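Number of protein chains: 2
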Amino acid sequence: MTLEIPEVVINRLPVYARALAELAAAGEAVISSQALGELLDVTPAQIRKDLSYFGRFGKQGRGYNVQVLLSKLREILGIDRQWRVCLVGVGRLGQAIAEYGGFGPQGFEILAAFDANPEVVGRELGTVPVFHSDDLDSFLRQNRVDIGIVAVPATEAQAVVNRLVGAGIRAILNYAPINAHVPNDVTIRHIDPVLAMQSMTFYIKRPEPSAK
Amino acid sequence: MTLEIPEVVINRLPVYARALAELAAAGEAVISSQALGELLDVTPAQIRKDLSYFGRFGKQGRGYNVQVLLSKLREILGIDRQWRVCLVGVGRLGQAIAEYGGFGPQGFEILAAFDANPEVVGRELGTVPVFHSDDLDSFLRQNRVDIGIVAVPATEAQAVVNRLVGAGIRAILNYAPINAHVPNDVTIRHIDPVLAMQSMTFYIKRPEPSAK
Chain S
539 MTLEIPEVVI NRLPVYARAL AELAAAGEAV ISSQALGELL DVTPAQIRKD
589 LSYFGRFGKQ GRGYNVQVLL SKLREILGID RQWRVCLVGV GRLGQAIAEY
639 GGFGPQGFEI LAAFDANPEV VGRELGTVPV FHSDDLDSFL RQNRVDIGIV
689 AVPATEAQAV VNRLVGAGIR AILNYAPINA HVPNDVTIRH IDPVLAMQSM
739 TFYIKRPEPS AK
Chain X
539 MTLEIPEVVI NRLPVYARAL AELAAAGEAV ISSQALGELL DVTPAQIRKD
589 LSYFGRFGKQ GRGYNVQVLL SKLREILGID RQWRVCLVGV GRLGQAIAEY
639 GGFGPQGFEI LAAFDANPEV VGRELGTVPV FHSDDLDSFL RQNRVDIGIV
689 AVPATEAQAV VNRLVGAGIR AILNYAPINA HVPNDVTIRH IDPVLAMQSM
739 TFYIKRPEPS AK
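As given, the protein sequences belong to chains S and X, one line each in that order. Count along the first sequence starting at 1, add 538, and that's the number in this note's numbering. Count along the second sequence starting at 1, add 538, and that's the number in this note's numbering.
No lab work stands behind these hints: they were computed from the structure. Keep in mind it's a predicted model, so treat the numbers as computed, not measured. Just so you know, not all the hints are guaranteed correct.
Identical chains blur together in the list; that is why a pair holds if it fits in one copy or across any two.
What the hints assert, rightly or not - Derived lysine to any residue pairs resembling SDA-like cross-links, with alpha carbons at most 20 Å apart:
1. 597 to 731
2. 610 to 667
3. 743 to 614
4. 610 to 676
5. 743 to 675
6. 610 to 743
7. 610 to 634
8. 597 to 638
9. 610 to 682
10. 743 to 547
11. 743 to 550
12. 610 to 594
13. 587 to 570
14. 587 to 614
15. 743 to 543
16. 597 to 733
17. 597 to 549
18. 610 to 724
19. 587 to 546
20. 743 to 721
21. 610 to 720
22. 610 to 700
23. 743 to 644
24. 743 to 609
25. 587 to 742
26. 587 to 719
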């Protein structure tokens, strides 16, 4: 079944789950695809189609049970459990990632960070210990790690990705501005604010930028 | 013509442009859609189809002229010029954004940052001056700003987006973990590492996570 579900659909499910979690926290028991679509600026038809890949949710004209759909989405996505993460690269960006408070509550625990810089090795960033990069491979042999975060400079990123993949990591969150290559059985997502900005300027460009 | 081009196509063009810039820097004069596809892990057919929205590039069997295609893509995307950016929110994340060296060389100049925290107001982050949030609206009246970056906590993000939109900003890069709403004539992109992680766990989950 997995192979038939488009990746764009999988990418939208976490957005639905987050909205449903907020509705549940606000005490809402039921929501229509119409109302959910308005919350998320997508069409109700898209929500219904996306969910149809995973079975039938909600009854015609009665909307979705918020808790039931949320639980089901969390199970489908695998976000109903704890995931173990390592971080490679502890420059300014890596430090911000290590100390970001948003991962833990969502079940993503950063176990350890790695860098070659003696100024950060041995420190703790929040609760995350920083080890030397040379210890990455042995750490991955001794500890189950599910996801690797890459926050090294672009020139080093592919080599780090290769080390993580070689150690059996199958999911990588890449902050380096390169199109890192991974084998087919490894999933990679890129966080790249420059590309995001460059995808917006198309919409705001004018023949002559107005001076002011 | 703009309305007919799918947003997913626009989102891919910056990736093509980045690869072409690297090829140009490496002295490559010509590249086939096959070779470009291999570099980017996409099919040559997708590259040809994406580019076909904008006219004819390259001759059958002879590949693309790297410099010509790069120039054309930069023009299409509007990344052949300087863009003026403001940053709202100077916590740890905002500081990392202000001091990130990757925006300037790509033509995105962060003119100013805004926060209400007296510990950061009046400071300079790299070359970016930090002003008080109260001065945001008057700054936007007095200076042309094209893009707003939102790096405030989730609870404040929609209000900040509304202020930016109200001041005429039509492109917003949002780092807050909310589905911020904008009018139809405003483009928004979200940078959300938790959602990115949650879209990967689908692919790596097992019925029972193996303990180790």
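Structure-based check of each hint:
1. In the homo-oligomer, the alpha carbons of residue 597 and residue 731 never lie at most 20 Å apart, since the shortest distance is 40 Å inside one protomer and 33 Å across protomers.
2. Taking the closest pair of Cα atoms, residue 610 and residue 667 never come within 20 Å of each other, the shortest separation being 35 Å inside a single copy and 47 Å across copies.
3. Taking identical chains as interchangeable, the C-alpha atoms of residue 743 and residue 614 lie at most 20 Å apart only when they sit on different chains, with a minimum of 9 Å there against 40 Å within one chain.
4. Taking identical chains as interchangeable, the C-alpha atoms of residue 610 and residue 676 are never at most 20 Å apart, the minima being 37 Å within one chain and 47 Å between chains.
5. Taking identical chains as interchangeable, the C-alpha atoms of residue 743 and residue 675 are never at most 20 Å apart, the minima being 47 Å within one chain and 22 Å between chains.
6. Taking the shortest alpha-carbon separations for residue 610 and residue 743, only the inter-copy value of 14 Å comes in at or below 20 Å, while the best intra-copy value is 42 Å.
7. In this assembly of identical chains, the alpha carbons of residue 610 and residue 634 never lie at most 20 Å apart, being 32 Å within a copy and 36 Å across copies at closest.
8. With identical chains, the CA atoms of residue 597 and residue 638 are never at most 20 Å apart, being 40 Å at best within one copy and 49 Å at best between copies.
9. Taking the shortest alpha-carbon separations for residue 610 and residue 682, neither the intra-copy value of 26 Å nor the inter-copy value of 47 Å comes in at or below 20 Å.
10. Proximity of residue 743 and residue 547 under a CA criterion of 20 Å is satisfied inter-copy only: 17 Å between copies versus 30 Å inside one chain copy.
11. For the identical chains of this complex, residue 743 and residue 550 are inter-copy neighbours only, at 17 Å across copies versus 28 Å inside a copy, given an alpha-carbon limit of 20 Å.
12. Only within a single protomer do residue 610 and residue 594 lie at most 20 Å apart by alpha-carbon distance; the minimum there is 11 Å, versus 46 Å between protomers.
13. In the homo-oligomer, the alpha carbons of residue 587 and residue 570 lie at most 20 Å apart inside one protomer (14 Å), although the nearest pairing across protomers, at 37 Å, exceeds that limit.
14. Taking the closest pair of Cα atoms, residue 587 and residue 614 come within 20 Å of each other only inside a single copy of the chain (16 Å); across copies the shortest separation is 33 Å, beyond that limit.
15. Proximity of residue 743 and residue 543 under a CA criterion of 20 Å is satisfied inter-copy only: 15 Å between copies versus 35 Å inside one chain copy.
16. Proximity of residue 597 and residue 733 under a CA criterion of 20 Å is satisfied in neither setting, with 41 Å inside one chain copy and 28 Å between copies.
17. When the C-alpha separation of residue 597 and residue 549 is checked against a cutoff of 20 Å, the pair qualifies neither within a copy, at 25 Å, nor between copies, at 36 Å.
18. In this homomeric assembly, residue 610 and residue 724 never come within 20 Å of each other (Cα to Cα): the closest approach is 24 Å inside a single copy and 33 Å across copies.
19. Taking CA atoms no more than 20 Å apart as the test, residue 587 paired with residue 546 passes in both settings, with 12 Å inside one copy and 19 Å between copies.
20. Proximity of residue 743 to residue 721 under the C-alpha cut-off of 20 Å is restricted to the inter-copy arrangement: shortest distance 17 Å between copies versus 37 Å within a copy.
21. In this assembly of identical chains, the alpha carbons of residue 610 and residue 720 never lie at most 20 Å apart, being 30 Å within a copy and 29 Å across copies at closest.
22. When the C-alpha separation of residue 610 and residue 700 is checked against a cutoff of 20 Å, the pair qualifies neither within a copy, at 34 Å, nor between copies, at 34 Å.
23. Proximity of residue 743 to residue 644 under the C-alpha cut-off of 20 Å is restricted to the inter-copy arrangement: shortest distance 15 Å between copies versus 37 Å within a copy.
24. Taking CA atoms no more than 20 Å apart as the test, residue 743 paired with residue 609 passes between copies only; the shortest distance there is 16 Å, against 43 Å inside one copy.
25. Taking the shortest Cα distances, residue 587 and residue 742 never come within 20 Å of each other, neither inside one copy (31 Å) nor across copies (24 Å).
26. Neither within a single protomer nor between protomers do residue 587 and residue 719 lie at most 20 Å apart by alpha-carbon distance, with minima of 31 Å and 23 Å respectively.
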